[in-house]
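Protein chains: 4
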Amino acid sequence: MSISRTNITHPFLDDDGDKLREECGVFGAINAADAAAATALGLHALQHRGQEAVGITSYDGKEFFSRRGLGHVAENFSSSEAISELPGNMASGHVRYSTTGGAGLRNVQPLYAELASGGFAVAHNGNFSNAQSLRKDLVNKGSIFQSTSDTEVIIHLVATSRYPTIADRLIDALRLVEGAYALIVTTPEGMIACRDPLGIRPLVMGRMGEAVVFASESVAFDVIGAELIREVEPGEMIQVDFEGEIKSLHPFGKQPSRPCIFEHVYFSRPDSIFAGRSVYEARKAIGAQLAMESPCEVDLVVPVPDSGVPAAIGYAQESGIPFELGIIRSHYVGRTFIQPSDSARTSGVKRKHNANRGLVEGKKIVLIDDSIVRGTTSLKIVEMMREAGAAEVHFRVASPPTAHSCFYGVDTPERSKLLAARMDIEPMREFIQADSLAFISIDGLYRAVGSETRDKACPQFCDACFTGEYPTTLTDFNQTDQKSAELPFADPKAA
Amino acid sequence: MSISRTNITHPFLDDDGDKLREECGVFGAINAADAAAATALGLHALQHRGQEAVGITSYDGKEFFSRRGLGHVAENFSSSEAISELPGNMASGHVRYSTTGGAGLRNVQPLYAELASGGFAVAHNGNFSNAQSLRKDLVNKGSIFQSTSDTEVIIHLVATSRYPTIADRLIDALRLVEGAYALIVTTPEGMIACRDPLGIRPLVMGRMGEAVVFASESVAFDVIGAELIREVEPGEMIQVDFEGEIKSLHPFGKQPSRPCIFEHVYFSRPDSIFAGRSVYEARKAIGAQLAMESPCEVDLVVPVPDSGVPAAIGYAQESGIPFELGIIRSHYVGRTFIQPSDSARTSGVKRKHNANRGLVEGKKIVLIDDSIVRGTTSLKIVEMMREAGAAEVHFRVASPPTAHSCFYGVDTPERSKLLAARMDIEPMREFIQADSLAFISIDGLYRAVGSETRDKACPQFCDACFTGEYPTTLTDFNQTDQKSAELPFADPKAA
Amino acid sequence: MSISRTNITHPFLDDDGDKLREECGVFGAINAADAAAATALGLHALQHRGQEAVGITSYDGKEFFSRRGLGHVAENFSSSEAISELPGNMASGHVRYSTTGGAGLRNVQPLYAELASGGFAVAHNGNFSNAQSLRKDLVNKGSIFQSTSDTEVIIHLVATSRYPTIADRLIDALRLVEGAYALIVTTPEGMIACRDPLGIRPLVMGRMGEAVVFASESVAFDVIGAELIREVEPGEMIQVDFEGEIKSLHPFGKQPSRPCIFEHVYFSRPDSIFAGRSVYEARKAIGAQLAMESPCEVDLVVPVPDSGVPAAIGYAQESGIPFELGIIRSHYVGRTFIQPSDSARTSGVKRKHNANRGLVEGKKIVLIDDSIVRGTTSLKIVEMMREAGAAEVHFRVASPPTAHSCFYGVDTPERSKLLAARMDIEPMREFIQADSLAFISIDGLYRAVGSETRDKACPQFCDACFTGEYPTTLTDFNQTDQKSAELPFADPKAA
Amino acid sequence: MSISRTNITHPFLDDDGDKLREECGVFGAINAADAAAATALGLHALQHRGQEAVGITSYDGKEFFSRRGLGHVAENFSSSEAISELPGNMASGHVRYSTTGGAGLRNVQPLYAELASGGFAVAHNGNFSNAQSLRKDLVNKGSIFQSTSDTEVIIHLVATSRYPTIADRLIDALRLVEGAYALIVTTPEGMIACRDPLGIRPLVMGRMGEAVVFASESVAFDVIGAELIREVEPGEMIQVDFEGEIKSLHPFGKQPSRPCIFEHVYFSRPDSIFAGRSVYEARKAIGAQLAMESPCEVDLVVPVPDSGVPAAIGYAQESGIPFELGIIRSHYVGRTFIQPSDSARTSGVKRKHNANRGLVEGKKIVLIDDSIVRGTTSLKIVEMMREAGAAEVHFRVASPPTAHSCFYGVDTPERSKLLAARMDIEPMREFIQADSLAFISIDGLYRAVGSETRDKACPQFCDACFTGEYPTTLTDFNQTDQKSAELPFADPKAA
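Residue numbers (UniProt numbering), protein chains in the order written: chain D, 1 to 495; chain W, 1 to 495; chain X, 1 to 495; chain Y, 1 to 495.
Any given hint might turn out to be false.
Where chains are identical, the list cannot tell them apart; a pair therefore holds if satisfied intra-copy or between any two copies.
Below are the EDC-like pairs computed for lysine to aspartate or glutamate, each with C-alpha atoms no more than 16 Å apart in a straight line [as the list claims (entries may be wrong)]:
| # | residue 1 | residue 2 |
| --- | --- | --- |
| 1 | 136 | 114 |
| 2 | 141 | 114 |
| 3 | 363 | 137 |
| 4 | 136 | 189 |
| 5 | 363 | 281 |
| 6 | 417 | 233 |
| 7 | 363 | 414 |
| 8 | 364 | 392 |
| 9 | 136 | 424 |
| 10 | 136 | 227 |
| 11 | 364 | 383 |
| 12 | 247 | 411 |
| 13 | 417 | 387 |
| 14 | 380 | 18 |
| 15 | 380 | 430 |
Keep in mind the hints are simulated off the structure, nothing from the lab.
Hey, can you work out the whole structure from these sequences and the hints?
See the structure below:
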């Protein structure tokens, strides 16, 4: 099977893996006339959350149907043939960042199993921090795993639970897991959506006529004409049956929520509403806050496209300095090309970003980017601007230094590769060769996304990638090693 | 061969065919150590000029090598395997907008033939307006055509010319053709680049160390680290041999040039230099001129992404109204999805463009787009903004009304489908349901791109799509019919 | 994945499904330097036992490797790339007759699971007659099945067994199953080969230098240069470890064997040794016996190619009538072609078998075929010979009438489609339009394959397809219904 | 495009290239309701004449349609989709032995061109011995060749001929060519079938209702239910128009015919009628003649399957020694497998042919094969029989020693690789390690195929591969060099 990888690219993402990556998006629809078609469109709007693989499972009242593939939603689910393989008025789907090779199809979600109670499919965004331990126990008792996915642990826990109902079995299972999850489960009795007790990963609920829909982000509702109702609450389990009845449980009690603040910084689409706030507005506010905290005297505010654009607009409006497209982004990216040896400066090859030379020549500029991860892309972009004749190149970052790995479903480079884990601001500036460098403060970030200030005792968001303060225990990982990036198991993999 | 069409999309193009489309891009490199790799990268930077098919031909001093495929440059030429099939220090390539089906591979350029003088390859951007007549003559004399491409006419004219040298044979051939062309020819003696006497289609010359390079746009030089030397002049034929000697001829005499003004409006990338001027600056100037000609009292200036962005920045800077991303563009487009019937408003489905509701709700906005062709997309976008709660929606267009077909290598809908050929401005406004609608004036456009005013007797650009004043005779097309869009042959097809 | 089905054909099989089909072949090699390569060659020699799918699993002392695909062994395992994915000195493989669709890959064997004791792979030829019942029990206790294959039941029984060693767990599991099996199991401790207590399905053991090999038929040893040692005995379990130690157990006691007599009639290759006798010799003896039982006065003995050839040689030698190729078989079969409506007699289209008209015109002939299943092919062949001008067409069959379904791993049409289940000999003759029709007698068949006569109390072979005397209980199938072909579950599926 | 090469095998051909290969088969049908379907079936019956590529061209009264592919007819033309692309009541097709790579599709016939007179398609079996000279002249005058096929010469000669009618242009063209051809030409006026003046390559004419059909062999008529009318005569040109009118011309005068005698020995299917005689009967007669010329005292006559079978039956009947299948042929061949190094005797690997050990052990046998080309296969088979325990292995060959290359459309190894060109009979016997070796005499061969004796002055067949007496001049090849196998051009390639 030859799958074209062309243009498999995060809209805001570079080739070098120099961004954090949200690893999954989930979508579900029940009591919808064309549940699979709605799911395909919804997942398409969530494509930025995972580009490597996609799957949809549907239920027609009698049987479950499943289809999955490597690559984009459009590659796998845009045809009527594909959709017609997925009949029924309930469907759930999943986009996923990482799988490798054909065998990887086993790991493509929704995962499905035939339990004694009937079919059971689950789509999961997040990561369990005790998956290895649970898996070992289950295998010792005779469970046979089909995949390497953490998500499969849930299925075996449900299969071997002694409770009578599916909902009770699922609660029984989730009580054993630790970490972050937004789950959409489908069974012959209907759909169950639930979110971990801290609500680390996002999940929203909407309505489209008779249908109830769930998605990782509200933008998935816009594309199908559904209405956003509310967020699924942290620790909430919502059951929807085929009569349309909706039940909400909080089986694990209630706790203060700690959603991932990086959704505001980078993961979510700017036209989504996250944690009650427009992501575009949040990013503009971050840019404005950054302009207040770290102003600079330049001729032009230049976004690193595309993710830096809203913050750059905010920075420009706050500072009064013109916003200009000093970097033009190619829309045809996704592959590394063979380099001609003749090329004068191979480091200067600009397949993806090209300096708008006529604009920046002789000008002092400030570049606005959302984050610095490894720093390699930032360096290339600064060099590119200098080669194009920029007189000064300043750099402002719309998030605090990213210094810690994520164990909750985000693909982070190992800690030793994080620039901010290795050095302070001034050496970082030197590394990327900027004339000045500043990051937004952690309190400034909280303010921009709508809090007065960060509550040190009980932060309103999960900000572990900036602060190292992990909100859950991490059974599979040695707590000491976490901070030193020496993990007993390989890097955490998310589902 | 199944080729994924996912994301085969013009960066600035909508799915509905509601844009004019540049039909080709060409690139050539001679005396370059890795000519094919440089050509692949150069074509990649020209991808916006043609997304349907791509070919590269190389010459290693003894033999010609050729490889072509449907789809993007990256799909066909990013691997070392592909490049290693194309050895030698001379190569030329072509990206193309339209081919249909597998058999279409015959039409993918560069076209190649073995003549008595040896191999002969040609890459052509443009369109001949007497191709049918020439073809008929050639077939009657025993020439056998392999393709339906107009470009093949050149090859047979050269093959049957009685002149002794390749350059003389090519001049002999081009003397017979009428229309627009930018050609890159490769032979065992070297490379010949030439441009039609009016210079309608663009062609620039650059240098990369010892190598001489040619391309449709200067952005192709940036990506390989080559330096822009100058434009190939209208009617100029430049020969470069393997010693590096460069000869320039003007075999058809010199005439005032008339390059295509739409390159400034839409075709060229904003980071290219066209006709001596930064395209980004030209577009900003168009936006500013539009703000002066047709101001409006609104809260936000909103570009129709992505092609409307530079003009919107110009409009915002001139008017002092904030520039905001009121429409968010998905980067994962290219396919039509099956629509769920449940979807409340199927017309409102926004796979590609989504309203930034939080921003526009309750606001008066002006949308800036580069052109209106059929008008269907403009209507959808206005509707989308209203549904998102915009209080007023005004529309400003960065080009004059497009009312005539192009016969010079641009894919235009048949005239009867052009909104501006069917109605005046006020009915157009009504059709797209905007609160107001204005186009830039033709003189304003000339001013923005650097002329004092349009020279009516001898316009400085080809602007036939706006004015109907075609700068050449059109032998294959009935002059009367041109204006009524009733063509004796099917729609003109470009090569 | 597009897999060419061309020439996927049983050498002796027609397109119409008008043969019984052996459903699987197995092969295993341990302590072999290139175990996977030997397995691929061995399976290739067993290709006639299953053409739809193939898999190989290897073990390199640390890890298991697996590769499987639809189609032939040669399509999937002839390349060094394929083999290099399967390192180690132990491997087992499986060819399989039936899977449908891509998802069918789940059912392609060897099946593999990671148990608490480590990897466990199993290749199975045969069918369990209580698989449904066992499966239901397992699911109720929390086992999750990956496939619809009966074979998976073994894996879950082993996974949940409470015995400490793999051998004991396997015995524990097999004690619960009922039916026919020849199994090759691989674990980190070595290879286990075993055969059901009646030895219904074949399994032989051989040696190649240090290596021990197992296969469904001895012909698989010829192709790799291995030596046939002996049959695995009915009910025997042979363990081979990585030191080369071989242990033989008979955990279920010893019983008289009842191997499938159809292996002699049709399934096995003529160059195999089955149940101690050359298959080619057995078939010639069947032909000779048939000539004695049912002679006829004709000019030519004509085999229905290719499976009827050895019996026809035997018939010709016994009768003294010349053996001639009256039917020429095309070697390029496997697909149904669109028929031209012009074709004079569409029924006469002979893509696969063509009459050798020059030979048979005006002659009296006797056709020799191995069996009659549905009778449709026999009819076509008789018609074809008459159209070619044969004066008389007699028909002799090298097996008794096939009147009962097989539940032990052979694909039989449902009973109502078996010609011999529906009518007596004379109506059968009329149906196939032969001048005379005779089958070998059941006792004659026993005599030809080496027994004095059939032991009615305890037959020396399983001959249930002829006699309806099934040698095991059939839990999943209603005993009464067996004979009426009304099964509570769908047709039995073999693994 | 990935095309499975599995089982692409000549039915009578070994993997080692150790046979002469007929390089093409042609078929045509006019005034047939489903001309393309009939052509597909007809080509399928001619598949043994070329397995590498296949093409069909049809004409529906207005347009020509064409489809071609690598691989078998069944892979490319068995589906209704494929056939529905080829509408009309006239079609012609071609199977071809050799093409290499995807670009090879250019060489797949029928070749097609649009001439001033309209479409012109040609399917050609044979080889021109002055193709290079003609091609050079045409290119010098401006003709552009699309393929490397000799057949294209005909098209350009027709295109540039000054005669008014297609028939006259074709005669004009054929007058210039030298060598062997059987051609089927289709034009908007109908079908033209013609054969070179000596009738070297075969071509027969048939009728199916209103339709007239042509084919390389009569077996193609059997499969579609058409009736064989007669051979197309040497030098005859038959025109059939859409009214059904048939015209026969002999534009080059009449000469004694010299059809290829190897069609009787090996190329044609045994169920074809060639040169008025049943091929099966001819082969049996060859076997009988061989038994008379070179008897031997053995226990068994063993054919080398499958091509040696009819001669072996003839030998057995004449000698009274039993015919037995001492070698069993696998039906699943076509690929070379990776060899396990453990294999005791890698030379003994018998993927394709396996000794029937039970039969030959301790026996004296004579092997019957159709020809010896390089001798490598013969050696392997003799070795295999000895390893299986044969007491004596004699070898008899159903053709004289093959000592000369063919220039008329048969793929022969270069002369230096022909065993009979390098040594006499006794060294050959030693080389293949047989106990005795004999070939049929040339006069014996003529007698067996129906002549009294070979007419030395004017042989009744082309037998140049045995005698070196080439019946035509060979312009492209130096006459002296022919016999020394030193050719100025590469090996002759056939179309």
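*How do residue 136 and residue 189 come out at 16 Å by Cα distance, when the copy is not named: within, between, both, or neither?*
For residue 136 and residue 189, the Cα distance exceeds 16 Å both inside one copy (30 Å) and across copies (21 Å).
*asked:* Treating 16 Å as the Cα threshold, decide for residue 247 and residue 411: within, between, both or neither.
replied: neither (33 Å within a copy, 50 Å between copies)
*Tell me, please, which holds for residue 363 and residue 137 at an alpha-carbon limit of 16 Å: within, between, both or neither?*
neither (63 Å within a copy, 58 Å between copies)
*What label fits residue 136 with residue 227 when the C-alpha limit is 16 Å: within, between, both, or neither?*
For residue 136 and residue 227, neither the intra-copy (43 Å) nor the inter-copy (43 Å) Cα distance is at most 16 Å.
_Cα distance capped at 16 Å. Does residue 136 pair with residue 114 within a copy, between copies, both, or neither?_
Between copies, since 11 Å is at most 16 Å while 21 Å is not.
*How would you label the pair residue 136, residue 424 (within, between, both, or neither) given a Cα cut-off of 16 Å?*
Intra 41 Å, inter 62 Å, cutoff 16 Å: neither.
*Check residue 417 against residue 387 for me: Cα-Cα at most 16 Å, and say if that holds within a copy, between copies, both or neither.*
neither (27 Å within a copy, 46 Å between copies)
*Up to 16 Å CA-CA - residue 114 versus residue 141, copy category*: Cα proximity of residue 141 and residue 114: across copies only (12 Å, versus 19 Å in one copy).
_16 Å Cα threshold - placement of residue 18 relative to residue 380_ = within (12 Å within a copy, 36 Å between copies)
_One pair to classify: residue 417 and residue 233, alpha carbons no more than 16 Å apart. Within, between, both, or neither?_
neither (35 Å within a copy, 51 Å between copies)
*asked:* At most 16 Å between alpha carbons: which applies to residue 363 and residue 281, within, between, both or neither?
replied: Classified as between; 15 Å across copies, 29 Å inside a copy.
*At 16 Å max between alpha carbons, let me know whether residue 364 reaches residue 392 within a copy, between copies, both or neither.*
within (4 Å within a copy, 37 Å between copies)
Going down the numbered hints, you'll see the structure goes against 3, 4, 6, 7, 9, 10, 12, 13, while the others check out.
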